[in-house]
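Trainee: Spelled out, the chains give:
2 protein chains.
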Amino acid sequence: MNTQEIAKDLTSMWAKGQFNESGEKYWADDVVSVEPGGQGEPVSRGKAAVRAKGEWFDNAHDIHGVKVEGPWVNGDQFSVRFTMDVTNKENGQRMNMDEIGLYTLKAGKIAEERFFYGG
Amino acid sequence: MNTQEIAKDLTSMWAKGQFNESGEKYWADDVVSVEPGGQGEPVSRGKAAVRAKGEWFDNAHDIHGVKVEGPWVNGDQFSVRFTMDVTNKENGQRMNMDEIGLYTLKAGKIAEERFFYGG
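As they're listed, the protein sequences go chains H and D.
Quick note on numbering: the first sequence equals residues 116 to 234 in the numbering used here.
Quick note on numbering: the second sequence equals residues 116 to 234 in the numbering used here.
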């Protein structure tokens, strides 16, 4: 599959909330995931660490809704916009998250994912 | 200025249609601009080449409207979404362009801009 096809498959899975399933299908073993920093470690290296980050997010939030827009493609990279309506379980704060995810593919797998926060 | 401040300034200029002015203010002399390919040369190197690409676009299109969303920031990079309503002057075709621009800053200037196309 080319970038467009993989991006469409991932976008379709994310629109159904299948974030873990999509990772198991497409994360490279040595995937690198980069958040903008702030709380926690901004860079997660390897499938186990990236999977753990997703599990942490799932456990820490009630997810009321996810909107996925895109993909936008260039070569072996594509971008997606995520708009999420979530409640932080710890402090009860409900918020809208607005992010761009930038994905770099190698050999049909996600080699890097990098997130950009709006605000 | 940090990434967020430069991104806000650029976004504000783009929302006013000041694409050339913003470039003169922020393009590094050795800026690299990467389109997804297709027609023309996908990589423009240097301020003169990137400026010429903008002039070509302006001359080849009637621009009816530009919507700018963002910025979304991560470290020295930020993303912006451009939605443009344009008519291709050569063939008269009116179309909505939906793009993500990914900007990488170095020393307060745009070192690289990379565009992702939706569709």
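Just to be clear, a hint being listed does not mean it is correct.
Copies of the same chain are indistinguishable here, so a pair counts whether it falls within one copy or spans any two.
In silico DMTMM-like cross-links for lysine to aspartate or glutamate, where the CA-CA straight-line distance does not exceed 20 angstroms [claimed, not checked]: (1) Lys123 to Asp200; (2) Lys162 to Asp177; (3) Lys182 to Glu214; (4) Lys123 to Asp145; (5) Lys123 to Glu214; (6) Lys221 to Glu205; (7) Lys162 to Glu120; (8) Lys224 to Glu205; (9) Lys182 to Asp213; (10) Lys131 to Asp213; (11) Lys182 to Glu205; (12) Lys123 to Asp173; (13) Lys168 to Asp191; (14) Lys123 to Asp177; (15) Lys182 to Glu228; (16) Lys123 to Glu205.
If you are wondering where the hints come from, they were derived from the structure by calculation, not from laboratory data.
Trainee: So, for every hint listed, does it hold in this structure?
Mentor: Hints and how they fare:
1. Proximity of Lys123 and Asp200 under a CA criterion of 20 angstroms is satisfied in neither setting, with 22 angstroms inside one chain copy and 24 angstroms between copies.
2. Proximity of Lys162 to Asp177 under the C-alpha cut-off of 20 angstroms is found in neither arrangement, the shortest distances being 24 angstroms within a copy and 47 angstroms between copies.
3. With identical chains, the CA atoms of Lys182 and Glu214 are at most 20 angstroms apart both within one copy (11 angstroms) and between copies (18 angstroms).
4. For the identical chains of this complex, Lys123 and Asp145 are neighbours neither inside a copy (22 angstroms) nor across copies (34 angstroms), given an alpha-carbon limit of 20 angstroms.
5. For a Cα distance limit of 20 angstroms, the shortest separation of Lys123 from Glu214 qualifies both inside one copy, at 18 angstroms, and across copies, at 16 angstroms.
6. Taking identical chains as interchangeable, the C-alpha atoms of Lys221 and Glu205 are never at most 20 angstroms apart, the minima being 37 angstroms within one chain and 38 angstroms between chains.
7. Within a single copy, Lys162 and Glu120 get their C-alpha atoms no closer than 22 angstroms, and across copies no closer than 34 angstroms, so neither meets the 20 angstroms cut-off.
8. Taking identical chains as interchangeable, the C-alpha atoms of Lys224 and Glu205 are never at most 20 angstroms apart, the minima being 34 angstroms within one chain and 40 angstroms between chains.
9. For a Cα distance limit of 20 angstroms, the shortest separation of Lys182 from Asp213 qualifies both inside one copy, at 10 angstroms, and across copies, at 17 angstroms.
10. For the identical chains of this complex, Lys131 and Asp213 are intra-copy neighbours only, at 18 angstroms inside a copy versus 23 angstroms across copies, given an alpha-carbon limit of 20 angstroms.
11. In the homo-oligomer, the alpha carbons of Lys182 and Glu205 never lie at most 20 angstroms apart, since the shortest distance is 23 angstroms inside one protomer and 37 angstroms across protomers.
12. For a Cα distance limit of 20 angstroms, the shortest separation of Lys123 from Asp173 qualifies neither inside one copy, at 23 angstroms, nor across copies, at 31 angstroms.
13. In the homo-oligomer, the alpha carbons of Lys168 and Asp191 never lie at most 20 angstroms apart, since the shortest distance is 24 angstroms inside one protomer and 23 angstroms across protomers.
14. In this homomeric assembly, Lys123 and Asp177 never come within 20 angstroms of each other (Cα to Cα): the closest approach is 26 angstroms inside a single copy and 31 angstroms across copies.
15. With identical chains, the CA atoms of Lys182 and Glu228 are at most 20 angstroms apart within one copy only, with a shortest distance of 18 angstroms there and 26 angstroms across copies.
16. Proximity of Lys123 to Glu205 under the C-alpha cut-off of 20 angstroms is found in neither arrangement, the shortest distances being 34 angstroms within a copy and 31 angstroms between copies.
Consistency with the previously given hints fails for numbers 1, 2, 4, 6, 7, 8, 11, 12, 13, 14 and 16, ordered from lowest to highest.
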